[in-house]
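Kindly generate the complete structure, drawing on both the sequences and the hints.
Under numbering that gives the first Met the number 0, the letters of the sequence shown match residues 0 to 262, in that order.
Keep in mind the hints are simulated off the structure, nothing from the lab.
Note that the structure is predicted; figures quoted are calculated from it, not measured.
With a straight-line Cα cutoff of 16 Å, these simulated EDC-like cross-link-like pairs (lysine to aspartate or glutamate) come out: (1) Lys212 <-> Asp110; (2) Lys72 <-> Asp157; (3) Lys123 <-> Asp157; (4) Lys212 <-> Asp141; (5) Lys179 <-> Asp199; (6) Lys179 <-> Glu196.
Label pairs and their computed distance ranges (CB to CB): (7) Arg223 <-> Pro69: 37 to 47 Å; (8) Tyr136 <-> Ala71: 15 to 25 Å; (9) Arg247 <-> Leu222: 22 to 32 Å.
Quick reminder that beta carbons are idealized off the backbone N, C-alpha and C, glycines included.
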Amino acid sequence: MTAVSIRTVQDVAGLDAVSAYFGEVWRTPPTAPPYPAEVLRSLVHTGGAVHAAHEGDRLTGAAVAVFGAPAAKEAYSLVAAAEPGRGQLVKQAQRAWALGLGARTMRWTFDPLVARNARFNLVKLGATGTEYVVDFYGPMTDGVNAGDESDRLTATWDLTAPGRPYDSGDRAYDPGEREKAPATHSAPDGATLARRELADLRIWCRVPDDVVKLRAVDPELALRWRRAVREVFTEAFAQGFRATGMSRDGWYTLTRDAGERTA
Numbered sequence: 000m001t002a003v004s005i006r007t008v009q010d011v012a013g014l015d016a017v018s019a020y021f022g023e024v025w026r027t028p029p030t031a032p033p034y035p036a037e038v039l040r041s042l043v044h045t046g047g048a049v050h051a052a053h054e055g056d057r058l059t060g061a062a063v064a065v066f067g068a069p070a071a072k073e074a075y076s077l078v079a080a081a082e083p084g085r086g087q088l089v090k091q092a093q094r095a096w097a098l099g100l101g102a103r104t105m106r107w108t109f110d111p112l113v114a115r116n117a118r119f120n121l122v123k124l125g126a127t128g129t130e131y132v133v134d135f136y137g138p139m140t141d142g143v144n145a146g147d148e149s150d151r152l153t154a155t156w157d158l159t160a161p162g163r164p165y166d167s168g169d170r171a172y173d174p175g176e177r178e179k180a181p182a183t184h185s186a187p188d189g190a191t192l193a194r195r196e197l198a199d200l201r202i203w204c205r206v207p208d209d210v211v212k213l214r215a216v217d218p219e220l221a222l223r224w225r226r227a228v229r230e231v232f233t234e235a236f237a238q239g240f241r242a243t244g245m246s247r248d249g250w251y252t253l254t255r256d257a258g259e260r261t262a
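Right, dumping it as structure tokens:
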């Protein structure tokens, strides 16, 4: 098996390859990649970083990060994509780069309906979903998101926290406790969408099995899922909840401290 190497990319040819890779992931025309090479070149020139995972000459993952306001000591990941098993390597490379330049946290956004990304961000990396933004980008035309509304969940990653095993299980997740909690919302498929425990410190919310496939075959149903999950999340976040886990069967765990409980 060819070893995976992580490189910081600065040369034009390398940035062209990363740009083309993002175009393949987001299914855009070759002439209109989501991150053109010239934009990546400018981000690198201004102090940002493009990391790429290679197996031999084959590019298998990439990520782009910049710095936020100096006082925040925070980096911001603009985009990341990788083949299975490569995402952790790319994100850890971003983490090492950001820590080396004085950052203490990193933020990025992701589609809250994509369960595998939520699990990677919240469980495998140990980030927390700290903000829910409705229609973050406005209308999108790429081959993955077209026809949907672009709600995004902000992930905040404490870069100074101890490293986590690649798959250390679910945080704050107990299926038995979840099933005991009263249902509060119904999903577009007719089953339970959300449950809220009587102690009022945890909410569980379900997402579809594969929203990208669902958008391709039934965009109207995918949009109904979007709006149903949005209702749960916006209500919960307004009450002090944050997204802290994602189960293997597609349920978010939202939690808050006892001091944030509303009357």
